[in-house]
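Engineer: Spelled out, the chains give:
2 protein chains.
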Amino acid sequence: MSVPLTFAIPKGRILDEALPLMARAGVVPEAEFHDKGSRALSFACVDSDMRLIRVRAFDVATFVAHGAAQIGIVGSDVVEEFDYADLYAPVDLAIGHCRLSVAEPAGGAQDTGSESHLRVASKYPSLTRRHFEAQGIQAEVVKLNGAMELAPGLGLAGRIVDLVSTGRTLKDNGLIETSEILQVSARLIVNRAALKTDARLAGLIAAFRAAVTS
Amino acid sequence: MSVPLTFAIPKGRILDEALPLMARAGVVPEAEFHDKGSRALSFACVDSDMRLIRVRAFDVATFVAHGAAQIGIVGSDVVEEFDYADLYAPVDLAIGHCRLSVAEPAGGAQDTGSESHLRVASKYPSLTRRHFEAQGIQAEVVKLNGAMELAPGLGLAGRIVDLVSTGRTLKDNGLIETSEILQVSARLIVNRAALKTDARLAGLIAAFRAAVTS
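Here the protein sequences line up with chains A and B, keeping their order.
When we follow our numbering, the leftmost residue of the first sequence carries the number 1, and every step to the right adds one.
When we follow our numbering, the leftmost residue of the second sequence carries the number 1, and every step to the right adds one.
Looking at chain A on its own, in the form it has when it is part of the complex (with noise of 0.2 Å):
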């Protein structure tokens, strides 16, 4: 009789290495899931009354963080970005690898700033900052929603905190890492309110601790 637990998936990049995760662990979407034309939000489960939503990546963080949904699965870069206290990431996916780094022009960055303090694009503003704090220097962060690299280019910029995986982007636009900030991949987090209250939660953790190691 209990109220069904609402779990939060990122749409893109990790969410096709999850599928087969959440199945192991028992969490299998109905079939509407994967029909590309529903413009539906929200998603049964088989043999479970828990609902599924599928969000933009910084929204899985914020719906658990707050306790709209339970649980969820999004990026470490996600969730040391917001450095939410109710959240709590117990199980490391190992899925979704990649690293947030740091990236200039091949020839150099162009900086309008001075040596102590830069100007980068990043969709990441709290990581970037607090990275070049930790070197003394203070970042002033254009926030951007995506295309970071097109920054340099147009003057936007010197700098930009971007995901890098096969580099091939960094690269096509003339970018070179010069420093990794992260090493990323997807973890589960819960709600820690929920988690006390609730112990589907406890249950739901030790399916996916089981399922990463089978």
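In short, the hints are calculated from the structure, not lab data.
All clues stand as given, with none of them false.
Which copy is meant is left open, so a pair is good if it fits within one copy or across any two.
Under the rule of at most 30 Å between Cα atoms (straight-line distance), these lysine-lysine pairs were calculated in the DSBU-like manner:
id, residue 1, residue 2
1, K196, K143
2, K11, K143
3, K36, K11
4, K171, K11
5, K171, K143
6, K11, K196
Chain A is already provided as a structure; the job is to place chain B on it using the hints.
Structural biologist: The following block gives chain B in isolation, referenced to the frame of chain A:
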């Protein structure tokens, strides 16, 4: 001998309507622009040394406001949300019509807050806060990047502020519009500093004005 202009256009909704208008104003992207498999972020134009960049709507405003692109097309929702001093929006392109509205569950908003303090999910934190402030209400905005319609049902927020076109997505999610914040249409935007120093921009503004009325 002058540096090529960069023209920023948004992915998605507005683009299909914008292309014929751009063509009437003499801005025609190279064939690769229409290749859906292309990974390119920047495109040449036919009969012009202008470059086109195709980025997310919010990023169009960021590139133009910083002068990294000198001209662009974006919805008035984005222009109003950012309220950048360096953005000038001289031409209403009369395409991409929709509205920014407040919506709540058909049965009424389930508010966790009080009458004078509401929680609202939106991609538009600034416009949302300003709308409610004008009514003497303090709105706590939960910033989402998409799927706002899920928020009331999952208890993330009592209300949402989102773009509404046909109203079908709201209806599918059991929501009704309660007030309209802004009538939205696409605008030609230019960087103010660039407009003062580059005569080509006045020519483009005139060409788009003529294209709209033709």
